[in-house]
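Asks: These are the residues of each chain, in order.
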Amino acid sequence: MKLLIKGGRVINPETSFDKIADVLAEDGKIVAVGDGLSAEGAEVYDASGKIVAPGLVDMHVHLREPGQEAKEDFVSGTCAAAAGGYTTVATMPNTKPVVDTAALVRSLKQREAEAAKVHVAIIGALTKGQQGEELAELGDMLAAGAVAFSDDGHFDQSAKVMLNAMDYLHAFGDYLIINHEEETSLCKDGVMNEGHRSALLGLKGRPTVAEDIAVARDVLLAEYAGAHVHIAHISSGRSVDIVRRAKQRGVKVTAEVTPQHLTLTDECVELWDSSTKINPPLRSQADCEACLAGLKDGTIDAVVTDHSPHAVEEKDREYMYAPSGFPGLETAVSVMLTDVCGKGLLDIPTLIAKMSYEPAKLLHLPCGRLSEGAPADITVIDPKLEWTVDAKEFYTRGSHSPFVGRRLTGKPVLTVVDGRIVMQDGKIRD
Amino acid sequence: MDKNRISLRGKNVLGLADFSPEEIRTVLETAKEMKNIIHRDIKKVPALRGKSIVTLFYEPSTRTRTSFELAGKYLGADVVNITAGTSSIVKGESLRDTLYTVEAMGVDAIVMRHKADGAAEYASRVVSPVILNAGDGAHAHPSQALLNLFTIEQHKGHLEGLKVAILGDVLHSRVARSDIQGMRKMGMEVHIAGPRTLLPRYLCEEPGIFIHERVEEAIRGADVIEVLRIQLERMQGGLFPTTREYARIFGLNGERLKLAKDDVLVLHPGPMNKGWEISPHVAYGDNSAIQEEVQNGVAIRMALFTLVLTGGRQA
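Residue numbers (the numbering used here), protein chains in the order written: chain R, 1 to 430; chain W, 1001 to 1315.
The set of hints was computed from the structure by calculation and includes no laboratory data. Since we're looking at a predicted model, the values are computed, not measured. Incorrect hints may appear among the rest.
Stated by the list, open to error - When the alpha-carbon atoms are kept at most 25 Å apart in a straight line, the in silico PhoX-like pairs for lysine-lysine are as follows: (1) W:1073 <-> W:1044; (2) W:1091 <-> W:1073; (3) W:1258 <-> W:1035; (4) R:188 <-> W:1115; (5) W:1156 <-> W:1035; (6) W:1044 <-> R:204.
Claimed, not checked - Pulled a few chain W residues facing chain R out of the computed Cβ check, cut under 7 Å: (7) 1018; (8) 1022; (9) 1119.
For every residue, glycine included, the Cβ atom is placed at its ideal position computed from N, Cα and C.
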């Protein structure tokens, strides 16, 4: 099976390649990138005027299996991923039950083989039941195929447990511990950023200092243990600064940020609309700008969606009681192109790197490259396509997104996984 | 009735953030007429005959619920009370479904109290009857703020230029948040004071509000002092050491009252913790309008019902 993608702007962050070129895939691998390629019997896709990127990698997604299929499952979630231009998603373990054993990791790899439209990488729990008390069987989960570990959803309060995790994992290699950084006692009952807006609305706040304390602790622990910590969905400007300084002195710390934390602030919180309720919360304009600066100068390594779908009836209720999170897979590329690159705040090759090559490298995945011999995971983006976000068109089961109703410019139009087209023009292929 | 008045017909009363000064003025003027009705021997006018009102209370309340209920009844409306403890709410019915049920019975207005901020606004987007917010979390309590303005104006003759001190637990207070909105719109100078643990940290970014950590600074020269209730039921540990110490350092007593203007008016939304945030001497003293607030509350709620349900054609 051959696929020839002709005449697009090919961006390969691995080699800093950025030229009009053709890409030829055969038997699931990229076999050539260059000018005037042709191949007997190949399916030809005309990519002129479009961006040809390595298949996008989202290292922070909640596919909700097992146990929360009313929110999302491997079919709906990976269709959403394909629609959004992603060829690999890494799914978080805060499910029911929590993915904290090799058996559960294997069962999810099985589900990937049966049901997934794109590659699914499995992130295992760091501690049993994500309780932050005893280490989960990290070595066994690695052997079963887990790529990283996280107790995402909350912060592990015990510094000793975190240090143990870092020390114990050290023997197995550079596997990420991905930490949700919000010190618990400072966020109790908090549902939005603590700031001017929360003061007026009366909603309990989650202050930036809660995130800063947690980030600082984990950076110091990683430095002490010589371990690698990855800061999930960074949102506070001061936290970005803590990571920047740590990187400068050689600490193995990396970080990711979401489109929402780069482009939205707590000023858009409305009491009747729970779509803006996320953890960590939407912050201030200054925090957005600090995150963007961190993304540009390399402090922040990856752009992730934190795709967190919930059932409509769970989300459609009082702001205080609605669960946190919204689906992001189908809007992330377009939001970044429109509100970040489109405003001249970031160049497109850097964005592509942060959404493919960099996260793939962090998870030790072979994808994220448009180099000969690499897996034929490819995303084609039409940077000029205008569209309006409509939750009824989503493949995800989630509905409430603060981007619903937005007019955006730029959209993935072709998603190729292992050389096979899985999405074209927004439609998933069977 | 003045034909030039703005019509509030069909307007949801969710908070004073979305009331213009002219709309607030209309409510205050209408409340004056309503207060006369309360003083009549036979307190019944047919203004809202044929209208039905449901009060939907998810939190306990004596004065607010009774005040809304009597206001509706004095105007001839049928009023039915639903409280959380005695309804399908205890069976786990969602707010949306409860609202659908109430709407389907054909009511014209729903008066709602809920412990979640924004519950009233959410309701206004789910069902069609007019929603009157009787308190949502720490967000808003518009009728209480309006009756405060009404009480102040009855005593002072005007609102603009008055210095008001709001003392105590602003953090958990929906009354304070609505007061701040309403008082600034009517040209008053708002000073807030209390222990820093009970003040929203970023309220200082809001224009036209003066924040003090010691109550004396706010009280000095004040025309009006509103004392907020210490909401023990909402307190998590450690916001202040003891009620005893609070009373000594932050409570309004006769000594501190002397710092204010001689004719200062003392308000409290109730229920009071006498001896904590306010001394009994001040609560029942000559400057106190705390009992009068309760009566004015009925007048304000009659005004709101009349204006949102009929546009204020009659009374």
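Asks: Which hint numbers does the structure go against, in order from smallest to largest?
Replies: 2, 3, 6, 7 and 8
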